[in-house]
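*Asks:* These are the residues of each chain, in order.
There are 2 protein chains.
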Amino acid sequence: MAVGLGAMPVMHPVKGFELGIASAGIKKVGRRDLVLMRCAEGSQVAGVFTQNAFCAAPVQLCKQRLGQPVRFLVTNTGNANAATGQPGLVAAQQVCQAVADSFQVSVEQVLPFSTGVIGEPLPVDKITAALPAAMADLREDNWNLAGEGIMTTDTLPKGASVQFAHDGETFTVTGISKGAGMIRPNMATMLGYVATDACVAGPLLQALVKEAADLSFNRITIDGDTSTNDSFMLIATGQTGPAIDQAEGELYQKLRDAVCAVAMQLAQAIVRDGEGATKFVTVQVEQGGNVQECLDVAYAVAHSPLIKTALFASDPNWGRIVAAVGYAGVPALEQEKVNVFLNDVCIVRDGGRAASYTEEQGAAVMQQEEILIRIELGRGECSETIWTTDLSHEYVRINAEYRT
Amino acid sequence: MAVGLGAMPVMHPVKGFELGIASAGIKKVGRRDLVLMRCAEGSQVAGVFTQNAFCAAPVQLCKQRLGQPVRFLVTNTGNANAATGQPGLVAAQQVCQAVADSFQVSVEQVLPFSTGVIGEPLPVDKITAALPAAMADLREDNWNLAGEGIMTTDTLPKGASVQFAHDGETFTVTGISKGAGMIRPNMATMLGYVATDACVAGPLLQALVKEAADLSFNRITIDGDTSTNDSFMLIATGQTGPAIDQAEGELYQKLRDAVCAVAMQLAQAIVRDGEGATKFVTVQVEQGGNVQECLDVAYAVAHSPLIKTALFASDPNWGRIVAAVGYAGVPALEQEKVNVFLNDVCIVRDGGRAASYTEEQGAAVMQQEEILIRIELGRGECSETIWTTDLSHEYVRINAEYRT
Numbered sequence: 001m002a003v004g005l006g007a008m009p010v011m012h013p014v015k016g017f018e019l020g021i022a023s024a025g026i027k028k029v030g031r032r033d034l035v036l037m038r039c040a041e042g043s044q045v046a047g048v049f050t051q052n053a054f055c056a057a058p059v060q061l062c063k064q065r066l067g068q069p070v071r072f073l074v075t076n077t078g079n080a081n082a083a084t085g086q087p088g089l090v091a092a093q094q095v096c097q098a099v100a101d102s103f104q105v106s107v108e109q110v111l112p113f114s115t116g117v118i119g120e121p122l123p124v125d126k127i128t129a130a131l132p133a134a135m136a137d138l139r140e141d142n143w144n145l146a147g148e149g150i151m152t153t154d155t156l157p158k159g160a161s162v163q164f165a166h167d168g169e170t171f172t173v174t175g176i177s178k179g180a181g182m183i184r185p186n187m188a189t190m191l192g193y194v195a196t197d198a199c200v201a202g203p204l205l206q207a208l209v210k211e212a213a214d215l216s217f218n219r220i221t222i223d224g225d226t227s228t229n230d231s232f233m234l235i236a237t238g239q240t241g242p243a244i245d246q247a248e249g250e251l252y253q254k255l256r257d258a259v260c261a262v263a264m265q266l267a268q269a270i271v272r273d274g275e276g277a278t279k280f281v282t283v284q285v286e287q288g289g290n291v292q293e294c295l296d297v298a299y300a301v302a303h304s305p306l307i308k309t310a311l312f313a314s315d316p317n318w319g320r321i322v323a324a325v326g327y328a329g330v331p332a333l334e335q336e337k338v339n340v341f342l343n344d345v346c347i348v349r350d351g352g353r354a355a356s357y358t359e360e361q362g363a364a365v366m367q368q369e370e371i372l373i374r375i376e377l378g379r380g381e382c383s384e385t386i387w388t389t390d391l392s393h394e395y396v397r398i399n400a401e402y403r404t
Numbered sequence: 001m002a003v004g005l006g007a008m009p010v011m012h013p014v015k016g017f018e019l020g021i022a023s024a025g026i027k028k029v030g031r032r033d034l035v036l037m038r039c040a041e042g043s044q045v046a047g048v049f050t051q052n053a054f055c056a057a058p059v060q061l062c063k064q065r066l067g068q069p070v071r072f073l074v075t076n077t078g079n080a081n082a083a084t085g086q087p088g089l090v091a092a093q094q095v096c097q098a099v100a101d102s103f104q105v106s107v108e109q110v111l112p113f114s115t116g117v118i119g120e121p122l123p124v125d126k127i128t129a130a131l132p133a134a135m136a137d138l139r140e141d142n143w144n145l146a147g148e149g150i151m152t153t154d155t156l157p158k159g160a161s162v163q164f165a166h167d168g169e170t171f172t173v174t175g176i177s178k179g180a181g182m183i184r185p186n187m188a189t190m191l192g193y194v195a196t197d198a199c200v201a202g203p204l205l206q207a208l209v210k211e212a213a214d215l216s217f218n219r220i221t222i223d224g225d226t227s228t229n230d231s232f233m234l235i236a237t238g239q240t241g242p243a244i245d246q247a248e249g250e251l252y253q254k255l256r257d258a259v260c261a262v263a264m265q266l267a268q269a270i271v272r273d274g275e276g277a278t279k280f281v282t283v284q285v286e287q288g289g290n291v292q293e294c295l296d297v298a299y300a301v302a303h304s305p306l307i308k309t310a311l312f313a314s315d316p317n318w319g320r321i322v323a324a325v326g327y328a329g330v331p332a333l334e335q336e337k338v339n340v341f342l343n344d345v346c347i348v349r350d351g352g353r354a355a356s357y358t359e360e361q362g363a364a365v366m367q368q369e370e371i372l373i374r375i376e377l378g379r380g381e382c383s384e385t386i387w388t389t390d391l392s393h394e395y396v397r398i399n400a401e402y403r404t
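Residue numbers (full-length UniProt numbering), protein chains in the order written: chain E, 1 to 404; chain C, 1 to 404.
It is possible that some hints are incorrect.
Which copy is meant is left open, because identical chains are indistinguishable; a pair holds if it fits in one copy or across any two.
Stated by the list, open to error - EDC-like mimics (lysine to aspartate or glutamate), calculated; alpha carbons at most 20 Å apart, straight line: (1) K15 <-> D137; (2) K15 <-> E120; (3) K254 <-> D167; (4) K63 <-> E334; (5) K254 <-> E41; (6) K63 <-> E394; (7) K337 <-> E370.
In short, the hints are calculated from the structure, not lab data.
Just so it is clear, the structure is predicted and the values come from calculations on it, not from any experiment.
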């Protein structure tokens with residue numbers, strides 16, 4: 001039921017970054033559920049992670065290791081290795097050790113990632129048994145299968161790839177992401193991996209991954225649930241072009257734009273493939289007094305089950321939108337200054353139904369698959385945009401049956 | 001699909017408080033949708049109202065009038081008269097004026113209440129045309145039909161009634177409530193009316209309605225949406241016993257307990273009749289550092305669509321519970337101190353799956369209609385309890401089809 005999400009685009013290989021895929025049989029036999037990534041020596045790896053206090057064992061290890069030289073990233077689906085306590089940390093470490101032993105690197109050079117059911121022991125034996133197949137499969141042109149290999153309830157793999165030229169050289173930024181439910185980012189989200197062959201200094205790369213996440217993964221929500229395993233990684237293999245260590249200059253601007261564009265496409269792909277999604281909804285809040293109140297209003301609208309079911313039903317029940325604006329907690333909000341638009345149709349003017357509005361206009365917008373809800377608060381100059389989905393029968397079915 | 005909610009109990013009449021019901025045909029022809037209440041001269045009326053910035057026209061009028069002598073409360077369903085701007089205020093005033101004219105009281109002595117669709121003009125003519133029938137119907141023993149008369153998507157009317165004796169006299173506390181969706185109280189909720197024949201000073205009655213709301217209506221959530229029209233009213237007709245003007249003494253304690261018990265039953269009845277509800281869920285958070293963090297955790301659990309769909313599926317997917325605990329925003333929460341129980345079954349001990357836990361134990365609890373989720377945070381001595389429901393296909397159906 002993905003909304004406007006087709007096959008993966010052309011995925012340009014990134015020099016110095018290889019991917020290998022295998023089937024470990026973690027949750028389902030024969031499914032691709034193990035992805036190994038290898039970065040060339042000298043690569044820089046940056047990342048942002050979930051703010052959930054119950055962050056998973058692999059996230060805890062990643063946080064410890066970031067900043068050191070990283071050579072491998074190993075991802076399994078089917079099991080989140082979250083809420084697994086000390087045994088979970090040991091299990092993640094065992095997987096990393098198996099990779100380290102095979103390639104004669106130190107265990108600290110391997111980052112682990114897991115996604116799937118929370119609270120069950122990680123089947124380390126199955127993963128280590130399948131690792132040799134993933135190792136043998138390592139190739140630079142393996143992005144498409146890797147996109148499949150990190151899927152859980154996703155219905156389609158998600159990828160984005162951009163190239164740009166600078167000083168006669170071609171630079172590549174390519175990435176994949178996964179996620180369809182338990183999506184309400186908080187600093188970083190789900191699993192996302194973006195690699196570039198540019199040569200970027202570690203601290204600058206870390207600043208860039210944070211900036212890109214804030215513009216993309218941190219502006220989407222499906223169900224308001226923040227995962228225990230969210231991770232967004234940015235890898236620079238340093239195979240192309242001069243070293244970049246300042247956030248300035250034309251090359252850095254081009255790279256920044258490319259990374260942000262790829263991150264935005266990957267984030268929006270997650271919303272388009274939201275569990276049970278039949279609509280892709282942009283919520284844009286304008287004329288706010290500050291960023292936070294714009295986001296508060298946008299998320300109140302995006303999380304309201306009443307608005308989400310009305311979107312599913314294609315019902316322009318705008319009363320539910322103003323109710324959500326009203327309870328978003330904006331201090332001293334004046335309802336008579338609020339305007340609301342569905343695409344180009346003004347439905348609420350000065351806090352009440354717009355004189356020009358007809359149900360037919362609203363219904364025509366709501367029939368569409370892609371809908372913009374635009375809210376003017378009449379308080380200031382700030383604006384923020386987030387993306388979300390509707391709430392359908394299918395969401396309930398998927399999540400009621402998830403473990404069966 | 002109401003959970004454990006049967007027919008209304010015996011509704012003891014309250015001396016000096018009459019109710020009249022009529023059909024105004026606001027949304028559906030022939031449905032009881034208009035309720036008039038008359039309090040004896042000298043009655044005290046207190047209330048708490050929604051915190052929604054888009055609070056409805058009748059709520060705005062009620063807030064202005066509270067504290068003055070009140071003789072009538074007039075409630076319509078089928079139309080919320082919310083987000084209706086200045087015309088909405090005029091419409092509510094017209095309804096009050098019609099009541100005032102008939103009984104030769106001032107318009108300020110009439111409180112208006114509305115519930116139903118947001119943003120449509122109130123059909124004043126239909127209401128005033130039906131008022132004479134409601135007036136002719138005024139009787140002290142009319143609580144049951146009044147309970148029906150304030151229903152919207154409720155499947156059953158909701159009532160509670162308690163009597164207690166003091167100094168040879170019998171005191172009565174009787175109330176009704178409505179609400180099934182758009183339920184996330186914020187200071188007060190939905191429509192609730194509780195009357196007593198005791199004689200209570202105005203300021204004390206206002207303190208009591210606030211206390212009762214905080215223990216009952218402000219501890220429930222169905223979908224996290226705060227209505228524009230929430231109102232909870234407490235009326236003391238002063239027909240029985242001595243005047244009470246201090247929050248002390250045996251009579252006040254008995255009255256307080258009776259009012260809180262009735263409010264609690266009415267609030268829980270709303271949850272039991274939650275839209276599409278198949279479970280009645282108590283979320284109890286213990287060992288918190290303060291009230292707010294207990295409530296933050298409780299509401300994170302109660303609002304998680306993933307937990308709600310797992311409850312619907314009777315799936316003991318406790319990983320979703322710890323994930324919600326983790327993102328509730330409790331500062332410096334230590335996951336290894338967290339324990340979680342389903343009824344008496346310990347599912348999480350020290351942040352991981354309890355060694356004694358089996359899926360069969362969890363599944364056995366989840367099969368029940370009434371479930372207690374108890375969470376120990378290991379941080380302090382505070383505890384808080386709230387009540388909620390699951391998220392079912394039926395919730396989506398009801399709210400997708402609400403206006404059709």
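*Asks:* Each hint should be assessed against the structure and marked as holding or not.
*Replies:* To see whether the hints hold, each was checked on the structure:
1. K15 <-> D137: within (16 Å within a copy, 83 Å between copies)
2. K15 <-> E120: neither (37 Å within a copy, 60 Å between copies)
3. K254 <-> D167: Close inside one copy (12 Å), not across copies (85 Å); limit 20 Å.
4. K63 <-> E334: Result: close only across copies, 17 Å inter versus 44 Å intra.
5. K254 <-> E41: neither (24 Å within a copy, 77 Å between copies)
6. K63 <-> E394: neither (35 Å within a copy, 42 Å between copies)
7. K337 <-> E370: The answer is neither: 27 Å in one copy and 44 Å across copies each exceed 20 Å.
Hints 2, 5, 6, 7, counting from the list given before, are not met by this structure.
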